[in-house]
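S.K.: Here's the letter readout for the chains.
Number of protein chains: 2
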Amino acid sequence: MKRTRIAEVLRSGQIGGRYTVMGWVRTRRDSKGGFSFVEINDGSCLSGLQIIADQGLDNYEGEVLKLQTGCSIQAQGTLSESPGKGQKVELKAESIRVMGWADPDVYPLQKKRHSFEFLRTIAHLRPRTNTFGAVARVRNAMAHAIHTFFQDRGFIYLHTPIITGSDCEGAGEMFKVTTFDLNRAPEKDGAIDFSRDFFGAPANLTVSGQLEAEIYALAMGDVYTFGPTFRAENSNTSRHLSEFWMVEPEMAFCDLEGNIELAVAFLKEIFASVLNTSEEDMAFFNRFVDSSVIGTLEGLVSQDFEVMTYTEGI
Amino acid sequence: MKRTRIAEVLRSGQIGGRYTVMGWVRTRRDSKGGFSFVEINDGSCLSGLQIIADQGLDNYEGEVLKLQTGCSIQAQGTLSESPGKGQKVELKAESIRVMGWADPDVYPLQKKRHSFEFLRTIAHLRPRTNTFGAVARVRNAMAHAIHTFFQDRGFIYLHTPIITGSDCEGAGEMFKVTTFDLNRAPEKDGAIDFSRDFFGAPANLTVSGQLEAEIYALAMGDVYTFGPTFRAENSNTSRHLSEFWMVEPEMAFCDLEGNIELAVAFLKEIFASVLNTSEEDMAFFNRFVDSSVIGTLEGLVSQDFEVMTYTEGI
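Chains as they are written, first to last, in numbering that gives the first Met the number 0: chain A, 0 to 313; chain B, 0 to 313.
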């Protein structure tokens, strides 16, 4: 039977319907009644699905009772209303297949809150946490909303160069890109001989696609970039990233008013879209990370923006 | 009056309706009847719009008769059926405003076919040519189709790192990224002391987001990357680019058959989408660049793919 994502089971699963789900075990609790609750998550949404594994299963003693956080399983069964608290539905398993074991003495993620500092040391596993999963889903929703916003308005998406020889108005310190052996680059007249480097000239990582976007705007009308950008600024704050994705629209035949209109519409549409498509993840952030985030976004969506001149602003 | 894009005028403009269009002059022909044909293009589609400028216009003698290829104008007027060959509609101008002049002695693009080698020397203007405009529109249509394909199937879009310390199975030669002064990098025990470079370790431009995508697939289920990738291979052929955008799906709980299914569906959907959304641009490529391109894509969309083992293949 084809796999159904947990997000789909929870959104539109039919009570009494048979489903196959696959995911990673978050918790297992054994009831004295001779069955176990196994909660699995497959990353398609924040919520997991509760699997009811009865002792009648062939591998109940041999495998189900050994399931631990991080094990990967396939469960096939019938969707039922859940009498328990915390979930509306659960899957009564007809079979459970273990696809991967996770030794609790070694597997570092357990059902508790881990610090970001600790998670940084296990970057290969942190997407399995609620926070990183929610970040990935919301980032995906925002990226999609950004493309949809511009495509709906007839903007052309550009891939501007990442490796570049220009420094775009000195927007920031740049990383150098080279194939020279460091400290063994050829010199000429006392300076590095870049004519012998890969591109025959000094090359850097872009700080902005603006110059190329302007060129295309002056041929295609309305364009946008959405790609990675770099800053070699040595300041370790949450406001300075050395690598980040940036959106840059450029419009020909547009004035300041049209620009303001686009910026306001952009913010409202992206935030409205995320509040709508990522309700569960945003509620999670609102509860555990920033209790004002939903209120702030709803305000930005529903209220008018004040427009003022720079002089008024300062 | 708000600007209407030429693509929209040609697709759904009403005969007798009044429109304001803006764009760049491709040609001007003066009729002995006391009026001029001014063809403008605004990049929203391959076709331009023919503007009929009558000698009755205030600035006919002073400006319209001086319009040359590359001038930027705004024309306001009424859409009419065109009695001439080559276009169905034309705009009878009530006013023409010149926004930018282009001196024909200096402006290098003229109404003729330029070689790619020449266009390379005027990269800031080549998006105004038919070929580069069509490439930009088709690339945009494909990028959008790629995102739509994966989003419709519940895949999570990932931005994997561009600057990386790993080299992903040696997929290719890598560019080095550094903030050291070349030939002045600090050394320790006879080797470069990367602990003092920006990231405290050697850093390169990614050759693939696969490793990070695999990590996320093993937490989120189905993911994809679509971002820039780099190869420092010094071979100047049309098959080797040092910078290009790559799509990499990764799926948990999937087998070879599911993988084949996805790959086939991907190709069929992207090609069908481009044939559908970019009909005019594809017809242009089919006529001037590769007379088999539409036939090839239609074949890929409509015919079954042959599936065979590697052993059968070789």
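Hints were generated in silico from the structure; no laboratory data involved. You may find that some hints are simply not true.
[Unchecked claim] Derived EDC-like pairs: lysine to aspartate or glutamate, alpha-carbon spacing no greater than 16 Å straight-line:
| no. | chain 1 | residue 1 | chain 2 | residue 2 |
| --- | --- | --- | --- | --- |
| 1 | B | Lys1 | A | Glu256 |
| 2 | B | Lys1 | A | Glu297 |
| 3 | A | Lys91 | A | Glu116 |
| 4 | A | Lys267 | A | Glu297 |
[Unchecked claim] Which stretches of chain B does chain A cover? Using the computed rule of at least three CB atoms under 8 Å from a CB of chain A, they are:
| no. | segment |
| --- | --- |
| 5 | 24 to 38 |
| 6 | 108 to 119 |
Given the structure is predicted, the values throughout are model-derived calculations rather than measurements. Each residue gets a CB set at the ideal place from its N, CA and C atoms; glycine is no exception.
S.K.: All the hints need checking, so say for each whether the structure fits it.
M.R.: Evaluation of the provided hints:
1. Lys1/B <-> Glu256/A: holds (12 Å)
2. Lys1/B <-> Glu297/A: violated (30 Å)
3. Lys91/A <-> Glu116/A: Between Lys91/A and Glu116/A the Cα gap is close to 38 Å, so the pair fails against 16 Å, i.e. violated.
4. Lys267/A <-> Glu297/A: The given pair, whose Cα atoms are some 9 Å apart, holds under the 16 Å limit.
5. 24 to 38: This one is violated; 0 residues, fewer than the three required, reach chain A with a Cβ under 8 Å.
6. 108 to 119: Since three or more residues must qualify, the claim that chain A covers the segment 108 to 119 of chain B is violated, with 0 doing so at under 8 Å.
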